[in-house]
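Enquirer: Chain A is fixed; fit chain B onto it per the hints.
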Amino acid sequence: MNNVALFDYLNLFLYAVLPYVTLVVFFLVSIQRYIGHGFTYTSLSSQFLENKVHFWALVPFHYGILIILGGHLIGFLIPGQLLVWNSSPLRLYVLEITGLIGGVFTMVGLVNIVLRRLTSVKAQMVTTIADWIVLSVLIFQVGTGIYTAVFHSWGSYWFATSMSPYLWSIVTLSPDISFVTPLPYMVKMHILGAFAVIFLFPFTRLVHVLVVPNPYLWRKPQMVRWYYDRKRIRTTEFETPKH
Amino acid sequence: MDIRSQISMVFHLDKCIGCHTCSIACKNIWTDRKGTEYMWWNNVETKPGTGYPTQWENQDKYQGGWKHDGGGLKLKSTGKGKIIANIFHNPHQPTMDDYYEPWTYKYEDLFNAPEGTDQPTARPISMVTGEFIQVEAGPNWDDDLGGSEVYAQNDPNLEGLSEEQKQQLSAIERLVFFYFPRICNHCLNPACVASCPSGALYKRGEDGIVLIDQNRCRGWRSCIAACPYKKTYYNWQTGKSEKCILCFPRLESGQAPACFHSCVGRIRYLGVLLYDADMIDEMASKPENELVDAQRDMIKDPFDPKIIEAARANGIHDSVIKSAQKSPVYKYVKEWGIALPPHAEYRTMPMLFYVPPMLPVMSSFDGETVKTLAEGIFPDFDKARIPMKFLANLLSAGNENHVRYALRKEMAIRHYRRALTVGDIEMDAALKLLTEADCTPEQADAIYDLTSLCTFEDRFVIPPAHREEAIQMTRDPLEHKQSVGFGLREEPKRGA
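In order, the protein sequence lines correspond to chains A and B.
With the numbering used here, letter number 112 in the first sequence gets 115, and the count goes up by one each step, no holes.
With the numbering used here, letter number 61 in the second sequence gets 44, and the count goes up by one each step, no holes.
Here chain A stands alone, though its shape is the one from the complex (with noise of 0.2 Å):
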């Protein structure tokens, strides 16, 4: 076996059978964990123990995480009708330079969210090791990011053209590799990335992003919970004793 076959096994593995690795992990650990310890599900703020660095840590890097994943999400699924809005250059450079303000912003969090856990004791003391493995990867991922946006450019382009179809393959359990082996290494170190930030999801706080509390926008302000049925308890089998 020579060398290019061994890259072609390499290939296989990473970008064929990895993401399904991930996935699988992904689902099944997530409703596991939601089932069995559904208690572990919250955002675990620190903003009570430090409060005066986390505004300029915790909104720049949401906001700019929300515009960034927001951005991939439109270009995976409808990549034609980011074609048609990048025909305009002008246009162009509005998409282009909106993601890489996103990403910019993501890691003005990112740096301050580390600096802010090193410096405050008291942060320090709500920090695990899972904490600092999430931020690692959170900023190489978003690293790769600003690298790639910024050195190979028009991403908006040929995300849709070679990273859409790669992802619609896996989707539909046909994975085909070939759109993913030629791109730049810088971008197949942020495809990796995204695998391991997927596969670190379910046993870290990330979790707290799946239970984003959207149906508080529709529900009625009081809340009440009956632990009996109330209607029920005085028809005639429920009859109270008289005292």
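By construction, these hints were calculated from the structure, which means they are not laboratory data.
Check before you lean on any hint, since a few could be wrong.
Label-pair restraints from in silico Cβ distances [stated by the list, open to error]:
(1) B:E265 x A:Q35: 41 to 51 Å
(2) A:L176 x B:A296: 52 to 62 Å
(3) B:V247 x A:V215: 43 to 53 Å
(4) B:R16 x A:V215: 49 to 59 Å
(5) B:D127 x A:G39: 44 to 54 Å
(6) A:A133 x B:H51: 39 to 49 Å
(7) B:Y90 x A:L118: 28 to 38 Å
(8) B:A154 x A:L220: 47 to 57 Å
(9) B:S268 x A:T164: 54 to 64 Å
(10) B:I108 x A:W161: 53 to 63 Å
(11) A:W229 x B:E132: 45 to 55 Å
Distance condition first, Cα-Cα at most 20 Å in a straight line; then the derived EDC-like pairs of lysine to aspartate or glutamate [to be verified]:
(12) A:K223 x B:D261
(13) A:K55 x B:D80
(14) A:K55 x B:D81
(15) B:K44 x B:D80
(16) B:K309 x B:E235
(17) B:K269 x B:D259
(18) A:K223 x B:D259
(19) A:K223 x B:D196
(20) B:K366 x B:E146
(21) A:K223 x B:D(-15)
(22) B:K50 x B:D276
(23) A:K125 x B:D80
(24) B:K317 x B:E383
Backbone N, C-alpha and C define an ideal beta-carbon position, used for all residues, glycine too.
Expert: Frame of chain A; chain B shown alone:
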């Protein structure tokens, strides 16, 4: 009409001696775990004072409670519109510094210190970081007006008082204070419940106790800012919020909550009220000076056949209705009208009521003798050292009439009892005072009995729990434990 039952409370401030026994009883049972050391589900404050967490009544700072504008009731802090923008960073959340950093002492130094000329000392260490700390504040740092320049003079209830009144409050030999014990009010229109993005907070249907489902809480911390009384707390260790559960495991087995049971001054009363839940929105939207009356209007007469019928139709057990008929809270709040809700202007409809204190000392020291300001035996409470406006800000949304009504009745009863037992007051004059205070001799006797001669059974009328109808019959009690705010099934440590 939607009649529901609510376990509610009266604290008689005239009887509180500020001993903090209630706080200790609560702490020993519920909040001695890691992450909860700083929490005092029950705390006792000195008024005037800034309380715990400091300045909790300052809603410009914390944005607690509801506001009512043209468009109806809205949460001041993070309602539906604002939660999306504020979920990553709650701009109004108090931090540990607003409460205090819990500490213990390094006691082993007392034993292990090498022999020397100095007395060994036990230095304070933080219960959060384990490091030595300089203790600068505590949960009752301003007890008995300690540090009043920092604390008492910044009491938010001083708003609306004249400069002269404020100066008199802190003038030496005119100082005055009273104690203000606080637990969760288990409100009828709780802001904490309405603010919870996860729907983890809820009111128990059968008795109105407000609880936080520990399984559903995701630590978004909205309730902390939204509760204007600051009675939900963030457990920094588990990443979940916790609050007073009114000792419901004790209530369900017929015992009074720990803080009630242990109360040395016997200031606490507990009983069932029947109220009309359909009226909540309308009544909570009334103009500020009508809020106390509005809240009383919601509480319904448990002897009225129509109310009983509606209660039974709603599944309220006969034994609970019977409890409501014997409820000491109903008497103080509704029949006698001398117990008032704290800060009704927050519009949460608190179900803990306070009998305002008749501050006893109404005389001044002129250098040689104590000069009484009164014409008769008992002084006029309008000349009391504590301004009526202060009590009204605290207990009746600024409406002095309610406080004056309660104090006048209490004072008339004192005259009446003095006429009965000592005899140096004419009975005719005492009866006239009673009539002026909207009180009959029978009512005066009843108030006197329940205030001064009350037994355990008089003070705590706890409805039977009816376990045969309770959740234990239908759901795995172990599974259920965590959803009722305590009794965690998993180790309460921070998840990964």
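Enquirer: Does each hint fit the structure? Answer for all of them.
Expert: How the hints compare with the structure:
1. B:E265 x A:Q35: 41 to 51 Å: Cβ of B:E265 to Cβ of A:Q35: about 47 Å, so the range 41 to 51 Å holds.
2. A:L176 x B:A296: 52 to 62 Å: holds, 57 Å
3. B:V247 x A:V215: 43 to 53 Å: 48 Å Cβ-Cβ, so the 43 to 53 Å window holds.
4. B:R16 x A:V215: 49 to 59 Å: Given range 49 to 59 Å: violated, Cβ gap about 28 Å.
5. B:D127 x A:G39: 44 to 54 Å: Once the Cβ atoms are compared, 51 Å apart, the range 44 to 54 Å for A:G39 and B:D127 holds.
6. A:A133 x B:H51: 39 to 49 Å: holds, 45 Å
7. B:Y90 x A:L118: 28 to 38 Å: holds, 36 Å
8. B:A154 x A:L220: 47 to 57 Å: The hinted range 47 to 57 Å holds for B:A154 and A:L220, with Cβ atoms some 53 Å apart.
9. B:S268 x A:T164: 54 to 64 Å: Check passed, 58 Å falls within 54 to 64 Å.
10. B:I108 x A:W161: 53 to 63 Å: holds, 58 Å
11. A:W229 x B:E132: 45 to 55 Å: holds, 51 Å
12. A:K223 x B:D261: holds, 14 Å
13. A:K55 x B:D80: holds, 12 Å
14. A:K55 x B:D81: OK: A:K55 and B:D81 at ~13 Å, within 20 Å.
15. B:K44 x B:D80: Answer holds: B:K44 to B:D80 is near 14 Å, not above 20 Å.
16. B:K309 x B:E235: OK: B:K309 and B:E235 at ~18 Å, within 20 Å.
17. B:K269 x B:D259: holds, 16 Å
18. A:K223 x B:D259: Between A:K223 and B:D259 the Cα gap is close to 18 Å, so the pair holds against 20 Å.
19. A:K223 x B:D196: Holds, at roughly 17 Å.
20. B:K366 x B:E146: Answer holds: B:K366 to B:E146 is near 16 Å, not above 20 Å.
21. A:K223 x B:D(-15): holds, 17 Å
22. B:K50 x B:D276: Holds. B:K50 to B:D276 sits at ~18 Å (cutoff 20 Å).
23. A:K125 x B:D80: holds, 11 Å
24. B:K317 x B:E383: The given pair, whose Cα atoms are some 18 Å apart, holds under the 20 Å limit.
Of the numbered hints listed earlier, the single one contradicted by the structure is hint 4.
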